[in-house]
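I would like the entire structure built from these sequences, with the hints used as guidance.
There are 2 protein chains.
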Amino acid sequence: MNNFNFYTPTEFVFGKDTEIQTGTLIKAHRGSKVLIVYGGGSVVRSGLLSRVKQSLDTANIAYVEMGGVQPNPTDPKVYEGISLGRKEKIDFLLPVGGGSVIDTAKAIALGIPYEGDFWDFYAGISIPEKALPIGVVLTIPAAGSEGSGNSVITKLDGLKKISLRTPKVLRPVFAVMNPELTFTLPSWQTACGITDMMAHIMERYFNNTPEVEVTDRLSEGLLKAIIDEAPRVLSEPENYEARANIMWAGTLAHNGICGTGCEEDWASHFMEHEISAVYDVSHGAGLAVIFPAWLTYMAEHHPEKVAQYAIRVWNVSPHADKHATALEGIARLKAFLHSIGMPLTFHELGIDEPDIELLVNKLHANKGDVVGKYLPLDRNASKQIYEIANT
Amino acid sequence: MNNFNFYTPTEFVFGKDTEIQTGTLIKAHRGSKVLIVYGGGSVVRSGLLSRVKQSLDTANIAYVEMGGVQPNPTDPKVYEGISLGRKEKIDFLLPVGGGSVIDTAKAIALGIPYEGDFWDFYAGISIPEKALPIGVVLTIPAAGSEGSGNSVITKLDGLKKISLRTPKVLRPVFAVMNPELTFTLPSWQTACGITDMMAHIMERYFNNTPEVEVTDRLSEGLLKAIIDEAPRVLSEPENYEARANIMWAGTLAHNGICGTGCEEDWASHFMEHEISAVYDVSHGAGLAVIFPAWLTYMAEHHPEKVAQYAIRVWNVSPHADKHATALEGIARLKAFLHSIGMPLTFHELGIDEPDIELLVNKLHANKGDVVGKYLPLDRNASKQIYEIANT
Chain R
1 MNNFNFYTPT EFVFGKDTEI QTGTLIKAHR GSKVLIVYGG GSVVRSGLLS
51 RVKQSLDTAN IAYVEMGGVQ PNPTDPKVYE GISLGRKEKI DFLLPVGGGS
101 VIDTAKAIAL GIPYEGDFWD FYAGISIPEK ALPIGVVLTI PAAGSEGSGN
151 SVITKLDGLK KISLRTPKVL RPVFAVMNPE LTFTLPSWQT ACGITDMMAH
201 IMERYFNNTP EVEVTDRLSE GLLKAIIDEA PRVLSEPENY EARANIMWAG
251 TLAHNGICGT GCEEDWASHF MEHEISAVYD VSHGAGLAVI FPAWLTYMAE
301 HHPEKVAQYA IRVWNVSPHA DKHATALEGI ARLKAFLHSI GMPLTFHELG
351 IDEPDIELLV NKLHANKGDV VGKYLPLDRN ASKQIYEIAN T
Chain A
1 MNNFNFYTPT EFVFGKDTEI QTGTLIKAHR GSKVLIVYGG GSVVRSGLLS
51 RVKQSLDTAN IAYVEMGGVQ PNPTDPKVYE GISLGRKEKI DFLLPVGGGS
101 VIDTAKAIAL GIPYEGDFWD FYAGISIPEK ALPIGVVLTI PAAGSEGSGN
151 SVITKLDGLK KISLRTPKVL RPVFAVMNPE LTFTLPSWQT ACGITDMMAH
201 IMERYFNNTP EVEVTDRLSE GLLKAIIDEA PRVLSEPENY EARANIMWAG
251 TLAHNGICGT GCEEDWASHF MEHEISAVYD VSHGAGLAVI FPAWLTYMAE
301 HHPEKVAQYA IRVWNVSPHA DKHATALEGI ARLKAFLHSI GMPLTFHELG
351 IDEPDIELLV NKLHANKGDV VGKYLPLDRN ASKQIYEIAN T
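Chain order of the listed sequences is R and A. No gaps in the numbering here: position 109 of the first sequence is 109 in our numbering, and each next residue is one more. No gaps in the numbering here: position 138 of the second sequence is 138 in our numbering, and each next residue is one more.
Read the hints as simulated data drawn from the structure, not as lab findings. Check each hint, because a few of them may be wrong.
To be verified - Simulated pairs of lysine-lysine, PhoX-like, Cα-Cα distance not exceeding 25 angstroms:
no., chain 1, residue 1, chain 2, residue 2
1, R, K168, A, K168
2, A, K130, R, K27
3, R, K373, A, K16
4, A, K383, A, K334
5, A, K27, R, K130
6, A, K334, A, K305
7, R, K16, A, K168
8, A, K383, A, K160
9, R, K168, A, K16
10, R, K27, A, K168
11, A, K160, A, K373
This is the structure in structure tokens:
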């Protein structure tokens, strides 16, 4: 087990009707003027935005708002928010939505008190040291951004999709999580979210760090719970219990607990970021295509942990050969992903002729000559994985 | 799943040599004058106390110290610490030790800024609202106090052993956790700690809350990891990896994550507190006697979750009858506890003629007419469980 710091100060306020606590929570964290950030019209139509504003009114908290954040969020919306927030002298960010909305709010929270261009942090030119406090009202369980210190933004110029990771600065101070708010999520978005959270666990699980039994068992348990609950949320979208389990799993998948003491991989996420940056597909759907391809490559070249995953998560009976055990686990993962409506190939993702050369070039331009840790990928390896995903 | 708040702001600094960061961590949390609290001479003899002091010196942090905290800590030491801390105008508590030392420091942290008697909080007369900040250097993985908001103190007058639970106020701001510091723990203490952490998970796991699959799977995974690692730490006390897994498991067993969304039980802990208050036995050893007795009673009267536990944690093949499945799981738990050197009866605990009447009287005087939530125990039920432990 490696040395680690584990710091998750976010207060999770979980359950029915919890959004009415939003104003009180902001007050407890000394917010006095809030920028509410949201995406499309669904939070308006559902009445959620009104309920949240009412909660702020009741707590005597002033606010301005900015809607219109898109999936795979881009930098222009961040600049708009920074400009608005400075003009209005806001001191607290309140994203109401899913990962795209939260990540945009995080970038704004960093940008407002910073004299330079907020992109400096994503480009690795500056290290984040301070940000305005962020509270979250979550509506989409997927990205785990409500409990993480991370933010993913795409710079339109060059389609650079970059993940910024901070150990502390960008952790929300609270996250309001009412599973009822997810009842109206369409099946496709629900399934993309499930795939994303499973990937967050697996990016951490596939490592070479010896003797991380506690972390392994937590990750395996969480994956098993997601696999059990996934068909239920899809067949019964208003099943509170199933929605609650999936929502809480999405947070734990990405708040860091599944990576304690491990050297995490993350190659699949980086490979997917190039796909969604170029083709603007859903991140979760892109992961459903890339992760099994990555695993198939690993089953051949470094099967150790993939075989353990097959046995413990997918109940595969061990074969004499680790490669075969691993492949059977991957087959069960693929069957599961298909069963929840996810694509498994570029073709199924709607990309008939992917420009693999471009994806490989962008991946290594952004991430260096080798990508990932479990088995670091050079250009040849990443090309092979994109090609597996194209068959 | 029930609504819940989950808030764990403690920064866990885990791994080799981490104790040299203590001074820097206190400084980051604005401590300027520290009360170091410790127990017997082992932290002195091992050189740990010197290294910690050196770290404080390097960070220019002043300190005073109080040693001599005993297992099953009592109120006189708390009063001594409050008096010393006020006189020296300390603003930060640094327990260096295990649960008894941490819990004493927590009581002192509450008592110093409070005008009345600190026992008011344990007696339920006052609600804790503020405390001095606490940082921990952990040497015994067991109580989980390094990551919890709880503190257990025994009032000598009447031998009242009371657990105070706060959602926020008593959570340490940091916990330094170096598994190497546990290499010298004797087998008995190691095994008592393992039993205590398993009990912390099980007190939460045995509940009637429907549909807590995520929490169940995390708890089962953590129990499986502990069961795998326990024989290794006992046979190879200087095995860093095994010690590290057990140490991290002890924290996660009690920081609240294993109880999210559940109505927890805690009857076994309350029943044990009466035993260790009256007979001054090790808390973990007392739990090894009580928990299987409690489970045996539940196997007969409310086997549902006990059967699930048997199947998922102890790999029992389900019998047609839940009672039989449950009993087989309990048999495996008992065999495990024996294998790590724990007692299973009052006699093996060194108490040949337990005063069960006294224990039942004290239990219900302290905790009310019914105790626990999974199947609330009246006097007749708690008496039967103490008697099962006496056979």
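Tested hints:
1. K168(R) to K168(A): holds (19 angstroms)
2. K130(A) to K27(R): holds (18 angstroms)
3. K373(R) to K16(A): Between K373(R) and K16(A) the Cα gap is close to 22 angstroms, so the pair holds against 25 angstroms.
4. K383(A) to K334(A): Holds: K383(A) and K334(A) sit about 21 angstroms apart, inside 25 angstroms.
5. K27(A) to K130(R): holds (18 angstroms)
6. K334(A) to K305(A): Since the Cα atoms of K334(A) and K305(A) sit roughly 17 angstroms apart, the hinted pair holds (cutoff 25 angstroms).
7. K16(R) to K168(A): Holds, at about 22 angstroms.
8. K383(A) to K160(A): holds (19 angstroms)
9. K168(R) to K16(A): Cα-Cα ~22 angstroms, so holds.
10. K27(R) to K168(A): holds (17 angstroms)
11. K160(A) to K373(A): holds (22 angstroms)
When each numbered hint is compared with the structure, no violation occurs for any of them.
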